[in-house]
Structures are given as C-alpha cells and as structure tokens.
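*Asks:* From just these sequences and the hints, can you work out the full model?
Going line by line, the protein sequences match chains U and A. Residues in the first sequence are numbered consecutively from 1, following our numbering. Residues in the second sequence are numbered consecutively from 1, following our numbering.
Think of the hints as simulated: they come from the structure by calculation, not from any bench. Because the structure is a prediction, the values reported are computed rather than measured. All C-beta atoms in this analysis are idealised placements derived from N, C-alpha and C, irrespective of residue type, glycine included. A hint or two may mislead.
Said to hold, decoys possible - Below, in silico cross-link-like pairs of lysine-lysine (DSSO-like), each with a Cα-Cα straight-line distance of 27 Å or less:
| hint | chain 1 | residue 1 | chain 2 | residue 2 |
| --- | --- | --- | --- | --- |
| 1 | U | 55 | U | 36 |
| 2 | U | 2 | A | 278 |
| 3 | A | 90 | A | 198 |
| 4 | A | 23 | A | 395 |
| 5 | A | 214 | A | 93 |
| 6 | A | 23 | U | 2 |
| 7 | U | 2 | A | 274 |
| 8 | A | 389 | A | 198 |
| 9 | U | 301 | U | 366 |
Unchecked claim - Computed spacing ranges between beta-carbons, pair by pair:
| hint | chain 1 | residue 1 | chain 2 | residue 2 | range |
| --- | --- | --- | --- | --- | --- |
| 10 | U | 9 | A | 309 | 40 to 46 Å |
| 11 | A | 420 | U | 45 | 52 to 58 Å |
| 12 | A | 317 | U | 254 | 33 to 39 Å |
| 13 | A | 421 | U | 254 | 28 to 34 Å |
Said to hold, decoys possible - Just a few of them, taken from the derived set where beta-carbon distance is under 7 Å, the chain A residues facing chain U:
| hint | residue |
| --- | --- |
| 14 | 51 |
| 15 | 158 |
| 16 | 167 |
| 17 | 242 |
| 18 | 248 |
| 19 | 295 |
| 20 | 301 |
| 21 | 344 |
| 22 | 347 |
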Amino acid sequence: MKRHHITAIVLLVVVAAISVYTGGIFLSLREPDVIKPGEGVTEVRKLSDYFAPLKGTRGDTDVYVLKGEQEGGKVLVLGGTHANEPSGYLTAVVLVEQAKVTAGELIVIPRANNSAFTHNDSQEGAPLYVHFTNAAGEERQFRYGSRASNVIDQWPDPDVYEHASSGQQLSGSETRNLNRGYPGRADGNLTEQMCYAITEMIKKEDIGLTFDLHEASPEYPVINATVAHERSMDIAAMGSFDLDMMGIAMSLEPSPVNLRGLTHRELGDFTDTYPLLMETANASQGRLRGATNEKLALDGKDKYYVSAEALGMLYVPYDENGHSIEERVGRHLQGVLSYTTAYNDLYGEVVTIENVPTYDVMLAAKLGDYLN
Amino acid sequence: MSIEVIIFIAMVGTFMVSTFGFKLPVSVAMLLSSVIGALIGGQGIPVRHLVEGTFSYVDTILTIATAMVFMKVVEKSGALDALSSLIIEKFHKVPALLLILIMLVIMFPGMITGSSTASVLSAGSIMAPILLLMGIPKVSAGAIIAMGGLLGMIAPPTNIPAMIIGGGIDMPYVGFTLPLTILTFPLAFLFVLMLGYKYVRKLDYAKLEPQLDKELRKTYGVRIYLPIIVLLALMVIDSLVPAFPNIGTPVMFLIAAFVGLFTGKKFNLFTTSKEAVKDVLPVMGILMGVGMFIQIMTLTGVRGLIVNTSLSLPGVWLYVAMALSIPAFGAISSFGASSVLGVPFTLALISGNQIIVVAALSLLASVGDMVPPTALAGIFAAQVVDEPKYASILKKSFVPIVILIVYSMAFIIFSKEIGAFLGV
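*Replies:* Here you go:
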C-alpha cells in the first residue's frame, strides 16, 4: 500500500470518529428539557391540537394550561420564541412550575420554537445548557439553543426571505425565525406553520392578552422595553406605570407598522388578542461580548460591556454586576403580572395569577429556588 | 496584556508559522490555530465547537462545488466558445459598450442571488474567454470579473450583507434600490473601463476572427446555449416568482449542468465532475478552517476584543476603523463581517441616514471577498481566467478596492445629505 493511501485511511478513520462523537452530541440536543409542571397546571396540550400537520414534527410543542376555578379571561405567555434568549424561556418554565390561577386561564408555551432548541448557532460559541440547583438540591438543566429553527427541519434557506402576507424582504435565514413569520401559513414552511398554529390557537381559544418574552443584546436600542401594538397601548401604558412605581425602568415602544412578521404587529392585526413583547438585556447574545459561556448567559458579567457602557454605546445601564438571570426573569415575571392586572382593570376579563415570585423576590433569590 | 490579546496573537502566530514556515495548507493552518487558541483560552480541544463552526459554510460549499461543475460543463460542451464568438462578432465595433455589457452580465447572477461566488463562477466564467480574446491580459480580466462579482452581490435587488445588518437592527429591506444602484453601477462602469479599455480601444477584429470558433454555432445552433439559458431562467424565476419552489442555488447549477450533457460536444461527466471538485477542494477546506477559527474567536472572547477595539476609537478614527476592520474581518467572511461589525457600526452611526449607512457598509463588507485567506472572488476569478496565482488578481484590484472603500466612506460620512438628496 502506498504511503498516501495509508495517510488517507488514517484521516478517514479520524474523521469518522469525530463525526460519531459530535453526531452523538448534536443528536442529544433533540431530547426535550424536563419541565415539571406545578399543581397549578390543569391540562397539557400540544400545539398540533390546533394545527394537525405539526403532529410528529419538531415544530410541535407542549402547551400548558392553568385554569382557575372562577371564570375569567385568557392570557397566553410565549417563551422560547428565540431559544438563545434564556430569560424568556425560563420565565415560562417558572410560570408552569409555580403559578396558580384562581380566576380565568393562563396558557404557557415555554418552547414556542421547539425546533430552535435542538441546535446551536454556528460560530456563536454558545453553551449547550444552563444549569440550576433547585430547593431540593437537585440539578436542573435547560437548553441554550438557537435564534432560528433547525436547518435539519427546514432547509435550504432561500436567498431572500419574503414575508408571505406583506411581501417584506429579509435575509434568507430569517425564514427560520419564528418572530418574522406571523401570522403564518398553513401551507408554508415549518416555521410559518408554527406561527400559523399559534395564531389559530389564539383565535380558537379567544385569548385576550398575549405576551412574547425575549432578550436582546445590550447595544440594541429596544431593550428593557415593552413593544406594544397600537390596540395594546392602553394596557402597556397602565402596566408600565405600575412597573415604574416599583422602580423597574421599562420603556414603551410602539410596534412599527412597516416591520412585519412579528408577534406585536401581526397578532394585533390578524387576531383579537392584545399582543405585548418584552425584552431584557442578555450579554451572551451581543456582538460586543467577551468569552462566551454558561456563566455569561446566567450572570451577564462582561468586561467589554462595561467598557462599552463607558463609551455610551449601550441602551441599558451596565456595570461589573452585569444583568443576572434572576433580574431578567424577575423583570419578565413582574411584567406579566403588572400588564395582566392592567388588562383585568381595563377590560374586566379577569385573570388572577398567584404564587409567582415578583421582581424584588427574584432579585433576592436564586432562580433554582423556583424550579421543582 | 489581556488574555484575549494573548490568544489572538497566538492564533495569528500559529497560522503564520504553519502556512509560511511549515508550508501547510491554509485550511490545516486554521485548524491548528483554532486548537491553539482554544487551548490557551482554557477550553481544551473543543471538538464540538470546531465542528459546529464549520456548519456556517455548508451552503456556500455546496454552491461552490456545483458552480464549478456547471463551469466545467459549459466549457467542455463548447457553450463558452460559441457564446464568446457570438458576442465578439456582434459587438466588436463598440468595445467600450461591449466592456460595459460584459460587466453587467458578470454582475447579474450576484444581483439575483446575492453571492459574488455565483457571479464569478457562472457569468464570470462565461465572460472570461471573451475578455481574453479581446486582448485583455489574464490578470486584468480576472480583476474585472472579481470586481464585477463584488459589485454584483451588492447591487439591487438582492443584497444579503444589507439584509443581515438590517436584520440586526430590525430594519426592513425597503428603500435600498436607489442608494445601492448609485453605489454600485457607477463603480462597475468605472472599473471595467479602467482595467480593460486600454487593451480594447483599437480592437483588430480581422486578427481576432480566426480565433473565434464559429463552427460550434453552426453545428449545434441555439441549443448549445441551453445550460446558460436554463441557469439564468432558474435564477430569475426563483427571485421573481414566489410560488416557485425554493430549490436552492446548488440545485440550479446542477440542473443547468445536467442540461449541458445533451446540448453540445460530448464529454465524460464523471471525470469532469471529479476535476471540478478537485479544483475547489482547497477553497472548501479553507472555509471549514475559517468556520472553526471564528467559533474559537467567539468562544474565547477574541471576537469581542476585535469588535470593541474597532468601535471604541474616537472621532475620525472610528471611520478609519470602519474602513479597515470590515474588509479585514471579511477575510474570514463578508457575511460574518456584516453581522459582527456591520450591526454595531450602524448603531454607532445611528444619527445618520440608516438606509445610506447600511447600503454603504454592505459595499464595504463586499471587499472581504477579496481579502485572503478566503478571498473567494479573487481565487475563483483567477481560476476562471486560468491564472495560477490569485495574488496577482488581488494586486491588480488594489486601486479599484481603494476607490470602492473611499466611495463607501463618503456615503457613510455624508449619509444625511445623500439621503436627503435621494429622498430616502
């Protein structure tokens, strides 16, 4: 056998070994996280209950229903629209594991884009998981995923993504972004079908108030903010006033009419729900960040963001304390409570959510304390 | 000295020693520098990250491989020779106009797909023989094709760097057509005349005519052009007809190449495909290496170091940093530069006219496709004109690139005024 043949065989064996090893890691990401529903959860449905073609796909996801004994309105919380924004996802998990509803109905989808949790964004160096210790001392593990659906589930991207109902053009990869696909299409790609299913659910369940929980990089102008459709503005104004009284700075942004496909625009235009989108500051998805790891995702401490703040490049205060996951989840939880109260007061469709840690409580605690 | 600076120096140093000292292939050098960076950054040998980093280029690699197969097919079937003879025969009396037409043809696939590689390897490869037959030296012809590829990927309607930057700041891709037209077409006409006109000014058709293969046109008729027509049709339909299924650029190249099996001279498909893939294998390797390199830079904080250093420069130095760092980062990936640097620079210039700023930054980002080690436009332009050293193409393109950077920066600095003048 010639020498270069031996070299080729050795290289092929090495490549095969690496493929098997990493393939195992990538396949394991398809295992869904364990979410332990609390006693407030009265029913677990699937998103495919509202749009059957999703059944058996990785676009299908669990829908947790917390129904109170008294009749009332309905509130929906979407976590995990972007799986690389952990506070949105984990807020939804805390609601599922802790919340109790005495009046009305709370519906929570922690992994709105389930497919996005099954992979990571290439070249972002992101951690695979974030970990917490619960009150019983057990370790809980949750995925840190991607901003977009998995290419294994939806490929190839077009060169240009054209939003179906408006014709708006975005870069091709945005075709896998759940928050650019609303109101969705029954005969569209997987991401558009997920959007369609969520829109159908809102219509069928007659959901009055919808939250879409997000995070953004600290250099992004819309941060520590609530974006509201013009119909949701009264709720947003009253709720943010409440948050302000608690010392929680929350800017109020109107949903741009020319930016299409997002929850705060399309769900307001195509359904009767009042949509609100909230953003917290996540350094681990920013472009100015230093080393990328689980610690950064959880404590937000980053020397480059501290220096960027000094240069006036950020839209959120930033110091050596960072922005912890407790602070970010606390903001989202308090936002859900305050805006829901505003909705109750304004429209009389009462939804009463209890047993949820407030912002102050979260700041003084560990997130794991509120996981089962 | 911060740990990020140490890692960066170690990664660049390992790359230099591997390529220049040990003469290792660029792809292997990038793998080694990524491993060294990860080790110094306390990550061990993060196999998952190394593999994950390469995923960004799967689509690009498929496009490159299939485009090269298409290029070989149109060459071997005789379509290239037939088209060259036809165009020169019809337009030899107006060489300046011919050059401008050739430039527009080179730009067209990039305008449709947003990829300079698609431009260079499809229309560029088709126009290369014409440029050479007209008497333009290989290096100048390569530079024309490469610059055509760059400007084609930025020209409207499809500009992916602008879409990427817009996506990062929630800005729809609306209102870009006029600014992008003014940014690209004047430069395209200037560059093709600058690089080619002196050679074609006194085109001697009598001397040229014997070199033209007119027999092919007589033997096969219009069908010899079918692979080219099919490719253009697929690109246009895909872009203009939303109901047309999204088959992806690689499949378009494969369909067009398949058509070429039946439209002209016969050739062996297997050996032709093998030859094509062999030609582009080093580039595909570089892309994989680059993917690992970026992933490790991000993981260890080196990417943050570069972005922060570029953004933290005061006043006029911010513009200098922009003009240099975006093309330089584009050495790794022009799309990557758009996302990693284009977005924060746009935010830093938020008081300017955002559409003009993003359009000009996208033009700046395109230069990355001419910066080694990836230099996709330069490398493939050298291949299509059969120039062994792509560095000579880069050298020839230096002045056009400087003009392009200055032109982009003028748009960025005067974005408000230009925006008001254009009404955007």
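*Asks:* Determine for every hint whether it applies to the structure shown.
*Replies:* Structure-based check of all given hints:
no., hint, verdict
1, U:55 - U:36, "holds (22 Å)"
2, U:2 - A:278, "holds (20 Å)"
3, A:90 - A:198, "holds (20 Å)"
4, A:23 - A:395, "holds (22 Å)"
5, A:214 - A:93, "holds (18 Å)"
6, A:23 - U:2, "holds (23 Å)"
7, U:2 - A:274, "holds (22 Å)"
8, A:389 - A:198, "holds (23 Å)"
9, U:301 - U:366, "holds (16 Å)"
10, U:9 - A:309: 40 to 46 Å, "holds (45 Å)"
11, A:420 - U:45: 52 to 58 Å, "holds (54 Å)"
12, A:317 - U:254: 33 to 39 Å, "holds (36 Å)"
13, A:421 - U:254: 28 to 34 Å, "holds (29 Å)"
14, 51, "holds (4 Å)"
15, 158, "holds (6 Å)"
16, 167, "holds (5 Å)"
17, 242, "holds (6 Å)"
18, 248, "holds (4 Å)"
19, 295, "holds (5 Å)"
20, 301, "holds (4 Å)"
21, 344, "holds (5 Å)"
22, 347, "holds (6 Å)"
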